[in-house]
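Participant: This is what each chain is made of:
2 protein chains.
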Amino acid sequence: MSLAATGSKDATRATALVYSTYGRPTEVLKVLKHTLEPPTEDSVQVQFLASPINPADINQIEGVYPLKPPMTTGLYASSASTSSDERPPVAVGGNEGVAVVTKVGPKAGHVFKVGDWVVMGSAGLGTWRSHGNFRAKDLTKVRTVEKMNEGGDSSDLDVIQLATLTVNPCTAYRMLRDFRTLSPGDFIIQNGANSGVGEAVIQLAKPLGVKTINIIRNRPGHEEVAERLKSLGATHILTDDQLGKLETKELVKSWVQKGEVKLGFNCVGGKPTTEMARLLSKNGHLITYGAMSRQPLILPASLQIFKNVHASGFWLSAWNEQHSSEERQEMIDRVLESMKQGQFAEVNCTRNQWSIVSADVSALEGRLLEAIKKATASGFGKQVFVME
Amino acid sequence: MSLAATGSKDATRATALVYSTYGRPTEVLKVLKHTLEPPTEDSVQVQFLASPINPADINQIEGVYPLKPPMTTGLYASSASTSSDERPPVAVGGNEGVAVVTKVGPKAGHVFKVGDWVVMGSAGLGTWRSHGNFRAKDLTKVRTVEKMNEGGDSSDLDVIQLATLTVNPCTAYRMLRDFRTLSPGDFIIQNGANSGVGEAVIQLAKPLGVKTINIIRNRPGHEEVAERLKSLGATHILTDDQLGKLETKELVKSWVQKGEVKLGFNCVGGKPTTEMARLLSKNGHLITYGAMSRQPLILPASLQIFKNVHASGFWLSAWNEQHSSEERQEMIDRVLESMKQGQFAEVNCTRNQWSIVSADVSALEGRLLEAIKKATASGFGKQVFVME
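In order, the protein sequence lines correspond to chains A and B. All letters in the first sequence, in the order written, are residues 1 to 388 by UniProt numbering. All letters in the second sequence, in the order written, are residues 1 to 388 by UniProt numbering.
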């Protein structure tokens, strides 16, 4: 069953994938057909172009993620004919996406023009929707309409790359930048190297002249994964079963020579991460941004006391919250610039069409929930909604 | 059997507790009776007043500590009559102690005067001896002869407090200072709170207005330990069996109110330290300086990612190596000032007399090794050599 609400005749007809209670995404998500009033004051209205389904989005709907967007009745137009029983407070799913500005509120004209492309400046805004009204300060430009008219900036980056820009590449960018000053010839080491963040790390490190030691899992097909990472610019590859061995320590030493392994990026946890931490140089810094193994980080005291290895976490949502929209814009500009220099590879994903003019809400809902189902199962790869 | 060496008639007759191979301290340590030539150039000669036996000293002799002082034949005077077979290269045990300057080399007079009291500016100098020659830059003043003639500075600190100043109180001082800016009303939490460092933390935090949450072991006599820590200025006490319980979390919350637990000091490791880390406030920093449980540090990824808890190690020997003698002097001055303000409690220890004019070397050796034996066994408390 789909929810429905209607609005005034100036309003935009829109669809959104929403939930009113936490639970299994395929069970609690519904398409809400609704109308959007024109943006007021310093807000803009956007039409989404593409929005990915990320693991954190799923955890958020399950209610197990620390960021919980407030549920509101704001999506229902005041003139809605449905009764309040049919209008439960909802949150729109999704945290990441790229959109085009379609209407500009009276005080937002100095920031955005119709036609500008934007990404989300913070988490919890809800990106699984055809259209939405957002405060200008919550959005960050990725292409200006002027530049696009001149032939386009970021012209070698497609809509999927832009839609998946604000989580993985921005996490990689900040981790490379905020903990140590990296110079050409320095090394970083990372596990989960073929994750979205891992691939972004490789591609952002390359134009900096920073060398990468990349740990992947030794399972069938790992040679192809290694080839792909090398094609992105990975300097060295290790499989997880090589960790903890004396010859691996010697191998890394031969790669690093007089350089330093200044940073380690960890999205795995458990014993293999301990072994990765041992490969850091003196004064190295291990940054944890995930825990795929669901195991904690285990650090020998000697590594911390005598080798002065530090351990910190990184969460982009917290960074975004603590920094201004100008700082976020600067980050996006620089990531885009690095992406262009690194010639970022195409994002491997399945495109799931979201017909924004679709009249058949239940057919749309069926298609969107199919994409959610694939995103929560394994073996289907990354799923992205593409709004057309 | 004791080793012996003799020198010129200007030389000072000295004894030192030395080892020529790594092993069990009571088996490898010997008294070396020897002579010291007058100090040359920018060196001074000192007579030790008191030198403690620390756990790291024992580990060093066992060969399991990362700092290994080089073994040399420097202690044997050139005129030694013994054959080279009887003069194996040796290192003098001990890393901490207080000494009085007895002779000043030609270029050291602008730094030290005869009668000044000094402590060691770095590790590995060998403090278990009656006399020694040291470079001026390796020593730090704790009392000047001028001030002593005026009635004494640091006059409320006794020789044992000064002898045990450079390891525990200096570690506590740096950990309180180097990781977060602490203001009155801020909290720190620590385990092993009745260790030498733990007690120093309490006493150095007090004059800063910094409140301390102190974790001790729940074993017979823990009430007396708690009373002692409270008499030193401890704000709150927890026993380790309270860790990980919901009511303890609530209790700490009620203590801290709107304050912040900015720092945690860990000398234990393992699961109890994980539970202590959970009591840190957002952005808190856990400093590991020991691992009494011989367990590693275990940190949940969520604590690092979402709560932004950092983990670092601290090792005073590395700090001393990386900082100038002026910076070490400043630290000692400030620690002494804080100690006086906090009215540091007497150090609980057993004083083991080291007769510096003793002619009976084997009797001396017996007494010194008895102290070493007590220091390596449990239940005898802290052992200090007092040279008289």
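Calculated from the structure, these hints are not laboratory results. Heads up, some of the hints might be wrong.
If chains are identical, the list can't say which one is meant, so a pair holds when it fits in one copy or spans any two.
List time: in silico PhoX-like cross-link candidates among lysine-lysine, alpha-carbon distance up to 25 angstroms [what the hints assert, rightly or not]:
(1) Lys137 / Lys382
(2) Lys137 / Lys68
(3) Lys68 / Lys258
(4) Lys282 / Lys68
(5) Lys230 / Lys137
(6) Lys271 / Lys307
(7) Lys307 / Lys68
(8) Lys374 / Lys30
(9) Lys230 / Lys30
(10) Lys68 / Lys249
Participant: Report the numbers of all earlier hints that the structure fails to satisfy, in ascending order.
Facilitator: 1, 5, 9
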